[in-house]
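Protein chains: 4
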Amino acid sequence: MSSTWGNVLKLSIFGESHGPAIGMVLDGLPAGEAIDLDAVQVQMDRRAPGLTAGSTPRREADLPHFVSGMLDGKLTGAPLCAVIENTNVKSHDYTNILHLPRPSHADYTGSVRYGGHNDIRGGGHFSGRLTAPLTAAGAVCRQILEKRGIVIGSHVFMIHNIYDTPFDAVSLTAEELNALNKEPFTALDLQKKREMYAEIARAQAEKDSVGGIIECAAVGLPAGIGSPMFDSLESRIASLLYGVPAVKGISFGDGFGISGLCGSEANDPMYYASDGSVKTRTNHNGGILGGISTGMPLLLRVAFKPTASIAKEQQTIDCVSHENASLVIKGRHDACIAVRAQPVVEAAVAVALLDAMLIQGEMTSYGSSKAQ
Amino acid sequence: MSSTWGNVLKLSIFGESHGPAIGMVLDGLPAGEAIDLDAVQVQMDRRAPGLTAGSTPRREADLPHFVSGMLDGKLTGAPLCAVIENTNVKSHDYTNILHLPRPSHADYTGSVRYGGHNDIRGGGHFSGRLTAPLTAAGAVCRQILEKRGIVIGSHVFMIHNIYDTPFDAVSLTAEELNALNKEPFTALDLQKKREMYAEIARAQAEKDSVGGIIECAAVGLPAGIGSPMFDSLESRIASLLYGVPAVKGISFGDGFGISGLCGSEANDPMYYASDGSVKTRTNHNGGILGGISTGMPLLLRVAFKPTASIAKEQQTIDCVSHENASLVIKGRHDACIAVRAQPVVEAAVAVALLDAMLIQGEMTSYGSSKAQ
Amino acid sequence: MSSTWGNVLKLSIFGESHGPAIGMVLDGLPAGEAIDLDAVQVQMDRRAPGLTAGSTPRREADLPHFVSGMLDGKLTGAPLCAVIENTNVKSHDYTNILHLPRPSHADYTGSVRYGGHNDIRGGGHFSGRLTAPLTAAGAVCRQILEKRGIVIGSHVFMIHNIYDTPFDAVSLTAEELNALNKEPFTALDLQKKREMYAEIARAQAEKDSVGGIIECAAVGLPAGIGSPMFDSLESRIASLLYGVPAVKGISFGDGFGISGLCGSEANDPMYYASDGSVKTRTNHNGGILGGISTGMPLLLRVAFKPTASIAKEQQTIDCVSHENASLVIKGRHDACIAVRAQPVVEAAVAVALLDAMLIQGEMTSYGSSKAQ
Amino acid sequence: MSSTWGNVLKLSIFGESHGPAIGMVLDGLPAGEAIDLDAVQVQMDRRAPGLTAGSTPRREADLPHFVSGMLDGKLTGAPLCAVIENTNVKSHDYTNILHLPRPSHADYTGSVRYGGHNDIRGGGHFSGRLTAPLTAAGAVCRQILEKRGIVIGSHVFMIHNIYDTPFDAVSLTAEELNALNKEPFTALDLQKKREMYAEIARAQAEKDSVGGIIECAAVGLPAGIGSPMFDSLESRIASLLYGVPAVKGISFGDGFGISGLCGSEANDPMYYASDGSVKTRTNHNGGILGGISTGMPLLLRVAFKPTASIAKEQQTIDCVSHENASLVIKGRHDACIAVRAQPVVEAAVAVALLDAMLIQGEMTSYGSSKAQ
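Residue numbers (this note's numbering), protein chains in the order written: chain A, 1 to 372; chain B, 1 to 372; chain C, 1 to 372; chain D, 1 to 372.
It should be emphasised that the hints constitute simulated quantities derived from the structure, not laboratory data. Some clues are possibly wrong.
[Stated by the list, open to error] In silico PhoX-like pairs for lysine-lysine, Cα to Cα no more than 25 Å straight-line:
hint: 1; chain 1: C; residue 1: Lys279; chain 2: D; residue 2: Lys182
hint: 2; chain 1: C; residue 1: Lys279; chain 2: D; residue 2: Lys312
hint: 3; chain 1: A; residue 1: Lys207; chain 2: A; residue 2: Lys193
[To be verified] To give an idea of the chain A side of the interface with chain B (calculated C-beta under 10 Å), a few residues:
hint: 4; residue: Ile13
hint: 5; residue: Glu206
hint: 6; residue: Ala238
hint: 7; residue: Ala266
hint: 8; residue: Ile288
On a predicted model such as this, the values are computed, not experimentally measured, just so you know. Using N, Cα and C, we set each Cβ at its ideal position, and we do this for glycine too.
Kindly generate the complete structure, drawing on both the sequences and the hints.
Set out below in structure tokens:
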């Protein structure tokens, strides 16, 4: 159950970092939608290691093999299953974590949870590698949304206290997002991006790691998508995103900042635009009110902690001798996982939004009819 | 579906602000647990209006009437249903929102979502009043947890940029939480609490409102509770809390702050305490790793926006004339909803933790056997 | 969880036979649908005791009080909650079942399941009385379906081996079903109905009870509703109906009889009708293929066991003395529960069909647009 | 969603008959359980084609490849995923069903449901081949149950009106079931089995097919497993089994026969056995009361229709010319699918029973502790 999610659209993720394969089943997709596999691969590549500053030298082809639910490039309506083989596994690097759990990792908690039976090699089911199938699921969903004019994108908003310019919450466009959502590690301010790169390189050189924040947006979403209470867009998106390793905070619109405002500042004044559509002059609420989209850009921020695996010596416990111990982690690790997380965050948003639209009957079971 | 949540423990919340009643069904509770109805009422009263600075003068008895699942003060195992009558309804105050949606409220989005058929009186199903049944559900669940040594509490961490002292993430005790979790509006620093009061009073005098942040904790939770990915403690807690109106941000441990740290700072060193238990010297991760409890205090923060209903004139649209318009909201409103949110946040944590424990078979279907 | 069901449409049933109230929450209904409360009451009355031969003299008003989700006779989109008060409770009749479990009842199994904490008065949550809220839920759903031309009805197909004429599987009409679905205890052959009445009266006179079979149908259902595997119409309908006490068998189309046929007999030949619609010349499959509606009448049969509570002396165990014992059940009981089950069976079909249509986006979230 | 099922234990089945692979994800299994892969294969082989009278000559290795959730022969607690490659696909046989839907198949309904986009080759996701992953899931679950003394088995109760001896509902033993649950096509009366064989051969020779009924049982199940209403054992088992193609009826205990009895006949008298356990002298209720196990043998019957694909000429529609047409189906087909269904029925029962036990906390998350 732990890796199963959904209402009309149900997502099940499987696999362990060093097992034969990882993958996902996405059930409830509308039939007949054409899926561009190259565009799927673009998203997989954005998440893949080795492409960004300070990322682990472990290279995986990360080719999702669709074994169910797709025929001649179109969705059949059967559950979509993608299998991604684990091709580049070096398990010998991890042998000592059997008795020396890595701080800030799930080694200890996973062992307690599963009575020591979980596969701890490479983090097992807790590995960040499990975000690859989520990315594949999102890469399919976002294509379906894009045909209906809904575009999702993100940028690296912060790395170790170096802040990029935030999105313009009112006037953000699909074009701006499309310029960001096909490349790994994008920022709005190129100078800040260079500083971030340098900061990651510095951390790596110092056998350390740094954290970061991703800001994600969706534009083109019509007003009225989502539901009150536990099917709010926030609940659904957060329940997916908190399944992503290293996420410690999720906020919408101004997020924690809105708690410092007065109502007269935070309330977004409404007006009719010249084309008759309803808009707000500010967007402190991030495009969501009452769990439901307003039609303004949907905005969220996701806080990632620094990579837990660092090469510096750390204090931990020795589960065999039952004494305190020190640990030096070897193996291949990113100095900053946040920079690989953009397609993952976007994927979670895509899955949640498509589910919400399907719940409301915004597209029929074979979907194409309402596409643009 | 929008108001239904759960795995083993399923929560369904119903009602509208000005309808006959609101309430909840909580299915899957262990049978045989004794429930102290006075203790339930303590939680209801903490959330009730009129008891805290700047809260709406609308007074409700807010007495949950348990019509199913309880007999002679014990849970029977049948679905627990609590009905709370709406006794103090003044609908005439709300007539003009039919055509003048209130900024930052769900009036407009709810109307689009439900084709104008939703009950807009008092916010209908989107009203903060719907947190009363959630509080009742949590008040039952927390008693079951308390018998097993798990105690939940909170304080108002911030009101309009006035910050209370944070919880001690390492050494927080059940006693400290018990001193906080029976009163409305508690803070660790009484001077700060006075300043917060003054700030709320000021906002109210200025026909304005202010936001705030609740910090919540659970102690006594054993290590190993929770699951990877979408049944992570964070996913489950956040999916409930984002169902609470006005919540715009949720974070665990250091939250967004952890993104500004290096791994060598953020990683919590592990050690064996003198009693043989596993502990960490810091707790930046807020007691959760890989979605699973570490045994250290579980810590989260929840950002509430300022009350959307303010008495100042605001800009909005006129849905009848289709022209831009101005609006002055009458009626009864809190100047700061965050100060009534403590039992609500604690309730969500209680429901999510009990569900997680039941999933793992940590207590049998009639539960009492493993109680202390 | 045990009493919660659903996908887009989620049903939660609560209450115990002798508690303050029973009821249901139905979440996910389309907003804006007008609901005729008199028509709801017609269905409640069909199920109510005292109206049919040999039914218990316990009379309940069984008035569902809609406390959420309805305003001015229309659905608001918020969860629909109906509360039915238990007004005519005589608990003293049941005191001895505390230690003498009634054969074929859930007294013993419920006690084991819930550690003896379940409310056993009147059967508690296991009582047939819990079919009243299901009937209310179905009474709402069927009205929504009827506006789209889908009509559900049933007849008593068999009482203690007295068989009514079966439905015409090919040419059954909405008119025929409408003549059956507003009255209690209907049969196609009035002579057989008289014989059934006599048989029930005979059983009652002999302090015994009899079983029966309900045949239920839906016509007007378009082809293409339902999904393969576990969301097949059969899976969804059966999962609801097996929640009804005393049901021991459910079948579709020819049911168990089809196992005795050859493929050349059982296969329903397809053809184009003169109006261009696709039909089959026979309907052994009961209007469902691959879990999906064919457009032909949907047909199912539901087997009810004889009422377990009989006035004859029976053998049971004494849970106090731990010795074998005999038991004479007093109190008020139906001699045949099957004759009150028609609106319950129809209700389950209505709920399942509406859920299936909502999953597929066959009606929008505020639904009315596609109504006739 | 259509192929996703479950509460604590969640099952997701994917694949199409002629796609690259089929498979399943089973999430929520207890960690640490040793799984005998040879015993899994025994169940796969029982279902495999070509091993029983009149079965299709299509031979598949049907080797489930466990790519997640298993390490060194033990469950890790991560989602268990088995992938079964489709190795022997001859799609050219099926080209004409594109415009000539086969009677009693899902060709037509699937095409309407999915707008013609579903993979119709070999029946696609509607194929009986999708019972292979269900069999694999059940083969794992039954091993976990067997360690706790719960044994499941079945026999072919009827083929085309040739009836085997029924199970002894009161005194059936694990030994008797173990003698049946490792072989394909088992019956209690060998003479009847020979007659069944002959009947199938006759049907095949006549280009026809026959139906059948499987009787399945579980013994060793303790009293108290299951829940009232929609999580009744009957609801859960039926919701899985109605996902199996060709199933048209499911009943428990005496099933439809119980409707012909009086209460004084159908009620199972209770008594204390000499070992102090609670038993019933008869078992008309099939070991379930109120949705909960009684401790007596659990008994159910499942009606399968005759194979829809027959070599005789049949009437159908031509979806291209929109005229009535005749059809002769070529390709490889079983003359009786019921005889391959035993491990499938047993698998569904195993999955449902294990889920019920996990919901109730009858085994911990890493399960082994309560095993025998």
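Verification of the hints:
1. Under the criterion of a C-alpha separation no larger than 25 Å, the hint pairing C:Lys279 with D:Lys182 is inconsistent with the structure, at around 43 Å.
2. Between the alpha carbons of C:Lys279 and D:Lys312 the distance comes to roughly 20 Å, so the proposed pair stays at or under 25 Å and holds.
3. Proximity of A:Lys207 to A:Lys193 is assessed by CA-CA distance (about 21 Å); at most 25 Å being required, the pair is judged to hold.
4. The closest approach between the C-beta of A:Ile13 and any C-beta of chain B is roughly 6 Å, which is under the 10 Å cut-off, so the hint is satisfied.
5. The interface hint given for A:Glu206 holds, since its Cβ lies 8 Å from the closest Cβ of chain B, which is under the 10 Å cut-off.
6. With its C-beta approaching chain B no nearer than about 4 Å, A:Ala238 sits inside the 10 Å limit, and its interface hint holds.
7. Among the interface hints, the one on A:Ala266 holds; its C-beta lies about 5 Å from the nearest C-beta in chain B, closer than the 10 Å criterion.
8. For the restraint placing A:Ile288 at the interface with chain B, the shortest Cβ-Cβ distance is roughly 8 Å, inside the 10 Å limit, so the hint holds.
Checked against the numbered hints above, the structure breaks only hint 1 and satisfies the rest.
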